[in-house]
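Asks: Residue numbers (our numbering), protein chains in the order written: chain Z, 1 to 277; chain S, 1001 to 1159; chain G, 2001 to 2770.
Mixed in with the good hints there might be a few duds.
Derived pair list, reagent style DSS-like, types lysine-lysine, alpha-carbon separation capped at 30 Å [unchecked claim]: (1) S/1092 - G/2012; (2) Z/29 - S/1002; (3) G/2550 - G/2012.
The set of hints was computed from the structure by calculation and includes no laboratory data.
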Amino acid sequence: MKPAAFTYHRAYDVNDTIAQLAELGQDAKILAGGQSLVAMMNFRLARPSALVDITRIAGLDYLERDAQGLRVGALTRHRTVETAKIDGFGVLSKAARWIGHYPIRCRGTFGGSIAHGDSTAEWCVLAVLLEARIVLQGPRGRREVPATEFFQGFFMTAAQPDEMIVEVRFPKPAPHAALTEYSQRQGDFAIVAASARLDLTEDEVLTSRVVLGGVGQQPVVVDADLAGQPANEETWRAAGEVAAAQVDPPSDGHGSSAYRKKLTAALVARALAEAAA
Amino acid sequence: MKDIHLIALTVNGTEHEIVVESRRTLADVLRHDLGYTGTHVGCEHGICGACTVLLDGQPVRACLIFGVQADGCEVRTVEGLADGDELSDLQKAFSRCHGLQCGFCTPGFLMLAEAYLSEQDGVPDESEVREVMAANLCRCTGYQGIVDAVRQVAEERAG
Amino acid sequence: MTAWVGARVPRKEDRRMLLGRGRFVADMARADTLHAGFVRSPYASATIKSIDVSAAKRVDGVLDVLTGADLGDPFLRAVLERDEFTPTEMPMLSGDRVRFVGEPVAVVIAEDAYAAEDGVEAVEVEWATGPVVLDIAAALAADAEVHSGTRNCLVDLVLFDDPGLDAIFADARLTIEATFTSARVSAQPMEGRATMAEWDDRDSQVVVHTSTQVPHQCRSGIAQALGIPERSVRVIAPDVGGGFGQKCVVSREEVVLAAAAMRLRRPVIWVEDRQENLTASVHGHEQRYDVTAAFDADGRILGLAADITCDIGAYSVFPFTCAVEPLMAATELPGIYKVPAYRARGRGLATNKAPTAPYRGVSRPQIVLVMERLMEKAAARLGVDPIEIRRRNMILPGEFPYTGVNTITYDEGSYLESLDLTEKKITEAGWYTERDRLREQGLLAGIGFSCFSERTAYGTPTMSQRRMRMTPGYDTAHVRMDPSGEVVVTTGTCGHGQGHETTFAQIVADQLGIHPDQVRLRQGDTDLTSYGWGTFGSRSIVIGGGAARKAADAVAGRLRKVAAHLLEVGEDDVELADGRAGVRGVPDVSLPIAELARVVHFQTHRLPEECRYGLEARESADPPGTFSNACHATLVSVDPETGDIRARKFLVVEDCGVIINPLVVDGQVRGGVAQGIAAALYERITFDQEGQPTSATLMDYLVPTATEICPIEIHHLETPSPFSENGSKGMGEGGTIGAPAAVLNAINDALAHRGVEFDHIPVMPEDVLS
Ligand SMILES: Cc1cc2nc3c(=O)[nH]c(=O)nc-3n(C[C@H](O)[C@H](O)[C@H](O)COP(=O)(O)OP(=O)(O)OC[C@H]3O[C@@H](n4cnc5c(N)ncnc54)[C@H](O)[C@@H]3O)c2cc1C
Ligand code: FES
Ligand code: FES
């Protein structure tokens, strides 16, 4: 389990990164926290010809709350999100606890997680839930892709190999949002992750959104509008059943498709209840 | 042609300058190029935590970082915990609580606990300590001695 | 007088480990050391058409590539001298046929581990895949043969066959038929296997530093495979990062490294990676029990029949053979219960999977699970209290020594006392109230028990019944006091986390009246120690420690003689304690023990002939075996929505006779229980339909963390064994043996109202919901 050879390059700003990626060609890759990439390289499942290390780029590690919402710099560590108090975005700090373990969170980056595009990854699921926009920079300039279009399949995203994620923008606060998940062992990737966002009055749902991880090739938006329904346990349970009926999850060693459906029902109900609380 | 780099690394206060191949992990650089064999390698995919060291004060998996990335950084390894021959409070607690058997996981747990305790002001409850220590695997102890040791040190340090 | 045995002495081993100065094989590579990487089969079953190493040899940093043919096609053959056993050859590097994914076929020697892996990728092998046999059913049915010309059943033993059983089953008030299974698991020591071999010109021998539990067996294996005398091989186990059985068999890689070092005359190191450890080392515990049991109306067991099948993988491991699991299971199934009539058939079936080796507990986690499930089933069907039914069946005080239907004699144990104490402790601690509270919260919750004894310290008298060509059992210790009064003990056992450096020192210190810090244990080096069998099967303290005690006792006798002479008193009046030789009843007359040692060595002329020339003794121990026992209880919760199963409380009452060091004993229990919980709830080695491993990473093979393992409360009883020099019984495996049954019983208690019953491990969340 030793990686294949590659050439190492260090970038000091975003433009430098883009230029180096362009020069090094298709098989070059960005190296951020390395918490997904290096593990895959050790297995030789990933064998980039060159790595451009972006961790020395200054000024990309930030959480900026503005009138519109929240901007997260690509190099913001999971741990920074976990320990921050971000008004209206408590869901991010809370969800960070689900990502791996303390040392993983000290090293892994927000942008890296989005770029990696694991369908169960907390940041990917929440980006879709909160309708974030992914800010990419490349040789053709800057562009923004809605998270709903960014994740395109099994570890596939809209980012081109010569582009870099520089920021993730969350357009509006989500005081009533939650993410929950299940894995047998603490710190592991979720078998199923469920996230929910609500607008609600004391006893009635105004708008709702539910997004799942681990049930498809990318985060899956559940088609269920709870508007007008009472904000109670029964509604959450029913929504869970609706979600479970909609998904057709894959089977693997961590759980069969049927099991993932059952988890979906349970976890959606829990996420909604937590979001409403 | 090997892709090689000259890097500078401070390990437990000692400065080193060495040439490394870019694909060598920090764990291998520490162990084999610099002789800090106290840091162990158990899985090379981020699960076991045997390779945990502090990189600029943060606990990290040395198997998931390339040595060249640590250029210019400060690394703390298990060899840097004791004051000369005098074991640190944490090391003593591990022995007292029987937090180690074969000792293979021990350096990783010590560094994980060291980082965690340095961020702690109060005395964490048992379930929180377990949650944090869950970052690393131990096959021998059943974890109880490790958890007890960390809690005892937290108590001692809180006074 | 200070007694060290029984004291909670912190371990001598700790300091170097805590300082990061432990010395494991992987720490030994020097600048001139070459690194080995193994080319392994990507197929579960294939013949090798050709191996082309030319491209690999051109890879930057690669020095050589060796196939089996280059090394003279070395192989090992483990033999059980029984007609019911079919020996098979295990080539060290397969040249013509591979039988599991991960089987080594060539070795690349390179300047570092990175280049070695580059070289491995560049070796071109042409394979022709063949049919695969992947489970017990297929192995029984298969016309396909894992070993050509050999039936797939490599061992088939009918050990007991009571002719009256069928009548008993027909007539009994209750006859239960059930099938119990346990998944294939891996021991997963945190240090994988690792070997460094180098040629020593001065001693004309190959020195093999290897992460092993059994250095002498390893030396014998290397010598036999390479056809060289044993003295040409020196095996040294440095610090070993756990073994749990995975390192108590001879690895093919160990032999290959020795051969490569001899050929290249350069030090060569191989450090197994985790993927190799999960796929290409050894596994264990893949077993099926088809059982019939008869009970009378009061719940007393009348008869028991078991058809035991073990999936042993592709090869018979050396030297234990693939019979180790079926033999253990068939012999010891009745356990602590008085079974009047018994029949057992045990089979070992070859499949296209990695070989199985003894893993902590060896079949006993399974047989205890079978018996404890049977007790629960019978209790439920007959309306008897499940604890009471155990009392009615177990060997009771006053019945020891008890010889069972399986011809085993059980020495004194505390079976009933441990059960009673367990029940008392958990009731006092409010487990039943806690169970109700969890149930009110909407969780399913249950309490489960398991009662068992484990035979430990199998000496030659017991091991020889298995009829292995290489029969382990005895061990030998040497104790020598030097002129400064300090002591070096050597042993053939080989601790790797069990704290032997501390516990052996405690035993010897008490015999000699000195401090344990003055005693140094030397182990794990075949040139420094007498032939011995290593550390496995909960044998070390009883056999190795027993031998050390005998040898220390002999040295103590000499010291007493010397003291008697110098103090001019009778030998029997001399007492060795607290570093001095004193005279009974005369407090102010004494000599430091160091002074005695000085005189013996430096002024031996002052002593009579029989006291001269050194202070040393060599003694062996070879007991028949002794039974430790325990009762486990656990409180488990089950989330009805996710299927999540948690062991929330765990209590052990254990009796391993005389406790040498409570710290170490508790550590062994807790570590063992953690592995038992793991086997019950988390771990399983899996394959796809082609025999490709699907649990080849620690993301897929779920070794539990500190969150999944709950605190484990321990209470001790001490029933000394007459078969053990120290009165102690082995206890390295008990935790692993008892825990799965307790957890499974607790799950079934939690789910009882749903009418489902599980008789397999691990129980996965998914099982709960389906
Ligand atoms: C034991 C363990 C447990 C884990 N558990 C979880 C978990 O539960 N949930 C979870 O979400 N993650 C988990 N992770 C993964 C972790 O969160 C990673 O940090 C994350 O997936 C990737 O971030 P990174 O910064 O480490 O990226 P890297 O590993 O450096 O890169 C990942 C990929 O993204 C690309 N990339 C990185 N940054 C950028 C960028 N700015 N622009 C374009 N491309 C980029 C890289 O080229 C690479 O392809 C776990 C990891 C480990 C080792
Ligand atoms: S070796 Fe780095 S986490 Fe296991
Ligand atoms: S002490 Fe052996 S793995 Fe932790």
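Asks: So, for every hint listed, does it hold in this structure?
Replies: Hint-by-hint comparison with the structure:
| no. | hint | result |
| --- | --- | --- |
| 1 | S/1092 - G/2012 | holds (12 Å) |
| 2 | Z/29 - S/1002 | holds (18 Å) |
| 3 | G/2550 - G/2012 | holds (22 Å) |
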